[in-house]
Amino acid sequence: MTHYVIIGCGNAGVTAAETIRKHDKKNKITIVNGENKPFYFRSGLVEFLKKELEEERLLARPKKFFELKRIDVLDGIKVQKVVPETKQIIIDKDNIIKYDKLLIATGAVPKIPEIKGTELRGVKTCRTFIDALDIMELAKHSRHVVVVGGGILGIELADALTKRNNKVTILEKEAKLGTGLMDPCTAIRVLEDLNRRRIDVRLRETVKELRGKEGHVSEVRTTKGKIIKTNLVIFCTGSSPNTSFLSGSGIHTDEGIIVDNNLRTNYSEIYAAGDVAQINDPDSGNHIIRPGWYESANMGETAAMNMIGEDSKYYPAIRYRSTAILGVPYTCIGEISPRVRSRKEYEVLHSNCKKTDDHKLFIIKNNRIVGASFFKDRRCALAVKELVEKGTDVSGVKKQLLDPGFDFDYLLIKQRAEIRNEE
Amino acid sequence: MFKENLEKEVSEFLKQCTGCGKCMKACPLPESDQMLIRSLNYATYKKSLPTAKTIEFAQKCIQCGACNIECPANCHREKMMLWLKTRLSNSLPKGYKNALKYKGSRLSFFQKIGRYFALKKLEPVAGELKKHVDKKDFKETPLLFYLGDSIYSPSLAQHKLIAIAEYMNKDFEILAGYKYSNGIQHYYAGLLDEADKMHDVLYDAVLKVNPATVVTITGEDYEAMKHLQKHWGLNFILKTATEWLLDNVNKLNLKGEKQKVTFHDSCILGRKENKKALPRELLDKVCTIVDIPQDKGLCLCCGFLRGEHEPDSLQRMQTKKLEQVKTKNMSVECINCWNKLAPAAEQKNIKLTDVISLVYSALEEEIKEEQAKEAEQIREEDMEE
Ligand SMILES: Cc1cc2nc3c(=O)[nH]c(=O)nc-3n(C[C@H](O)[C@H](O)[C@H](O)COP(=O)(O)OP(=O)(O)OC[C@H]3O[C@@H](n4cnc5c(N)ncnc54)[C@H](O)[C@@H]3O)c2cc1C
Ligand code: SF4
Ligand code: SF4
Chain A
1 MTHYVIIGCG NAGVTAAETI RKHDKKNKIT IVNGENKPFY FRSGLVEFLK KELEEERLLA
61 RPKKFFELKR IDVLDGIKVQ KVVPETKQII IDKDNIIKYD KLLIATGAVP KIPEIKGTEL
121 RGVKTCRTFI DALDIMELAK HSRHVVVVGG GILGIELADA LTKRNNKVTI LEKEAKLGTG
181 LMDPCTAIRV LEDLNRRRID VRLRETVKEL RGKEGHVSEV RTTKGKIIKT NLVIFCTGSS
241 PNTSFLSGSG IHTDEGIIVD NNLRTNYSEI YAAGDVAQIN DPDSGNHIIR PGWYESANMG
301 ETAAMNMIGE DSKYYPAIRY RSTAILGVPY TCIGEISPRV RSRKEYEVLH SNCKKTDDHK
361 LFIIKNNRIV GASFFKDRRC ALAVKELVEK GTDVSGVKKQ LLDPGFDFDY LLIKQRAEIR
421 NEE
Chain B
1 MFKENLEKEV SEFLKQCTGC GKCMKACPLP ESDQMLIRSL NYATYKKSLP TAKTIEFAQK
61 CIQCGACNIE CPANCHREKM MLWLKTRLSN SLPKGYKNAL KYKGSRLSFF QKIGRYFALK
121 KLEPVAGELK KHVDKKDFKE TPLLFYLGDS IYSPSLAQHK LIAIAEYMNK DFEILAGYKY
181 SNGIQHYYAG LLDEADKMHD VLYDAVLKVN PATVVTITGE DYEAMKHLQK HWGLNFILKT
241 ATEWLLDNVN KLNLKGEKQK VTFHDSCILG RKENKKALPR ELLDKVCTIV DIPQDKGLCL
301 CCGFLRGEHE PDSLQRMQTK KLEQVKTKNM SVECINCWNK LAPAAEQKNI KLTDVISLVY
361 SALEEEIKEE QAKEAEQIRE EDMEE
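Top line first, the protein sequences correspond to chains A and B.
Here the first sequence is numbered in the working numbering, starting from 1 and rising by one per residue.
Here the second sequence is numbered in the working numbering, starting from 1 and rising by one per residue.
Just to be clear, a hint being listed does not mean it is correct.
[As the list claims (entries may be wrong)] The calculated label-pair distances, taken between Cβ atoms and stated as ranges, are: (1) L349(A) with K320(B): 42 to 48 Å; (2) K326(B) with K313(A): 57 to 63 Å; (3) Q347(B) with H23(A): 55 to 61 Å; (4) G238(A) with K326(B): 51 to 57 Å; (5) N261(A) with F109(B): 54 to 60 Å; (6) M136(A) with A277(B): 38 to 44 Å; (7) K354(A) with N250(B): 27 to 33 Å; (8) D75(A) with E12(B): 29 to 35 Å; (9) Q371(B) with N352(A): 45 to 51 Å.
[To be verified] Pulled a few chain B residues facing chain A out of the computed Cβ check, cut under 7 Å: (10) T18; (11) R38; (12) N74.
The set of hints was computed from the structure by calculation and includes no laboratory data.
Quick reminder that beta carbons are idealized off the backbone N, C-alpha and C, glycines included.
For reference, chain A alone in the conformation it holds in the complex (with noise of 0.2 Å):
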């Protein structure tokens, strides 16, 4: 008898279970639920918030799932330790399991500066359901909200608080919105409609120090030397993975969990996968992590096959991105960021945000498309995903790919057909 045991029941742990019961139906296979919630849907976290979508849906499998597929799973535990040596992992000094192959899919946890008044009642991060609830009753006592963050999250809560009648102000310490995910047009366009929308958005300043009074948060001193009274302060400055119960357990980490393109850690039945992940990136030779709902439903997929004993290979996509930013739709495909884009031996072509309402950016290298960004109009973001990842050539078309009308199936269309005639 084999036991798997998982330690989180988010989408790479869940995932993961299934996957291995698809193949291995007699074994046991526990997870570990750090929260109190069945497997819900996180992402939708925002809809719940703006009230778009109502608690019930938030579950992300029919009710008696785990049951059907028999997958035990432990709500509202925390794993303290895991312990290679003797294959346990450990709740407490009463509770210990065993396991034969494990697999750490503890995701990540937001991150927070470190800064005076952090440990202040009222100061949130958005990652679990508890924490929307928190958020959604903590407002209703503060008429006034600060989000610290102007990436999309921070953007969508603002979103999501003012919906709720709430005034919000975002604070963002570089000088543009969505730092990496989004391009400079888009940024533009969104603190447009941050605007329109009457939210006060503040760039390249951030927190300084949160001061309370008995013990909640009353008011935020910023870098600028500005203070903001209010009773809810939420940090969306990012997360990074949760590998802090490790420590000493002799699991390598870095800033997560080491794993090779089996997602194996440095022991061989201990496996790790989703967000606290860090893959090897043969291209780069470096370990990276690649956080993300779809990634982590590959990752979770991968791991469970080897855990089975097949030899299954997880190779760092190229980054894919789509979401809906204040309604609108939104991709970014492949490397976007200023950092990329101020080098020499990359060109960048992009729509004149001014004159059309739709925007398109292409990052190209050696003519081939290597990152790309579509705000509003993204018909073509399937098909431009298939370009970067192939290499395509798009040296004699250009000058058209920023035509509205252009065919990205097309070019796609024509490479298949000259491999079909080669062969």
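Since the structure of chain A is already known, use the hints to place chain B with the ligands on it.
Just chain B with the ligands now, with coordinates in the frame of chain A:
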């Protein structure tokens, strides 16, 4: 070929779906309010059959693509629904099968006879184009009009398009008839293998013509040709009749007064292919367009895929749709929409036209003149002899 491609695509979409529920908010079917994303997704990939409620929803889905547009994660719920249907295709409602009965390769002896008589009745509609029906010999030429079943459309748009092409002295070939049906209805009913066979026939014919450009007059025909490009590796430029007319219309002299016309978007061309702007651009030259609001609940659909197996529901959909039309004239882009909506529109005293016919009317005088001139010439030549 369909099956593997679809399965691969859908499994990606399932992993990308973050459960926000926006697709069901956009879906025009009233049942969509009750569908839970978790049940729908689970039903799409699990092995055993889904619950009765999910089956019913899947079978009702009209593949209109309204859901695709709203998805923040850029998933195509419409394709996920289709995958679900393929697994239910053994339990297709009877009327559904009725709709497909004369098409495809798996016809029984009686169906073949039935088809013979059905087509005999339609023959006058094919008129002069009759010689192209189900033909085997094709010349190699750069322009192909793929008319398929629409050669029998009572809208007569097919004749007008060909007349415009002739007027412009184009060299072209025509692919038409039930033998060359597009297979998309089979595809949407989840009968992917059957659709594959039909596309095999189309593939051979298109290969013979070896066109640089293929022009279609319905959304389904367009989708079939797109499949030939995408999955069968055929290399040509695909155009809707609208696109082809737009390319050529600047060379033409469009005349006549501009009437108010309500425009109905095609699900395939408008929503899935996202070509909503093109028919508007073209119509703008010949009439004044009035748009129908497209909110949820207001029916978006001509009723294609419904109807045959659910006449009540078809009628409800069409009534709701036509109630939105406040002008005397209504125009469609896809000729299938025309075929489907025409009887209901007639009842409501709405004059139903299509994009091709409107352009043709604006040219009619000139075309007729040209034809008369030609006839005159021929007569003179005859006399000389
Ligand atoms: C508000 C929000 C919106 C998002 N929107 C998007 C989006 O639009 N698109 C996108 O791609 N991604 C989005 N993400 C990111 C996406 O949700 C994550 O990348 C994904 O959920 C990661 O899955 P995971 O399984 O690796 O980790 P998680 O989902 O974080 O799951 C980790 C699980 O481990 C449990 N756990 C942690 N520590 C322990 C312990 N010691 N013992 C036991 N259990 C433990 C936790 O309770 C949790 O259940 C969003 C995230 C948030 C918070
Ligand atoms: S294709 Fe149309 S009918 Fe089907 S689920 Fe999508 S929106 Fe609903
Ligand atoms: S809209 Fe897209 S992400 Fe949202 S539930 Fe539907 S398919 Fe999933």
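Item to check | Cβ distance range 51 to 57 Å for G238(A) and K326(B), holds or violated | outcome: Given about 52 Å between the Cβ atoms, the range holds.
Next on the checklist: Quick check on N74(B) please, does its C-beta sit within 7 Å of some C-beta on chain A?
Outcome noted: holds, 4 Å
Checklist entry - Given R38(B) as an interface hint, is the shortest Cβ-Cβ distance to chain A below 7 Å? => result holds, 6 Å
Item to check | Satisfaction of the hinted span 57 to 63 Å by the C-beta atoms belonging to K326(B) and K313(A) | outcome: holds, 60 Å
Next on the checklist: Just to be sure I understand the hint, the distance between the Cβ atoms of Q347(B) and H23(A) should be within 55 to 61 Å; is that true here?
Outcome noted: holds, 58 Å
Checklist entry - At the C-beta level, are M136(A) and A277(B) separated by a distance inside 38 to 44 Å? => result At roughly 41 Å between Cβ atoms, A277(B) and M136(A) fall inside 38 to 44 Å, so the hint holds.
Next on the checklist: Holds or violated: the 45 to 51 Å window for the beta-carbon distance between Q371(B) and N352(A)?
Outcome noted: Because 47 Å falls inside the window, the suggested range holds.
Checklist entry - Okay, N261(A) versus F109(B) on CB: inside 54 to 60 Å? => result holds, 58 Å
Checklist entry - Do the beta carbons of D75(A) and E12(B) sit within 29 to 35 Å of each other? => result Holds, at about 30 Å.
Next on the checklist: Looking only at beta-carbon atoms, does the pair L349(A), K320(B) fall within the given range of 42 to 48 Å?
Outcome noted: holds, 45 Å
Checklist entry - Could one say that the CB atoms of K354(A) and N250(B) fall in the range 27 to 33 Å? => result holds, 28 Å
Item to check | Status of the T18(B) interface restraint (C-beta, 7 Å, chain A) | outcome: Where the cut-off is 7 Å and the nearest Cβ of chain A is about 4 Å from T18(B), the hint holds.
The structure meets every hint from the earlier list without exception.
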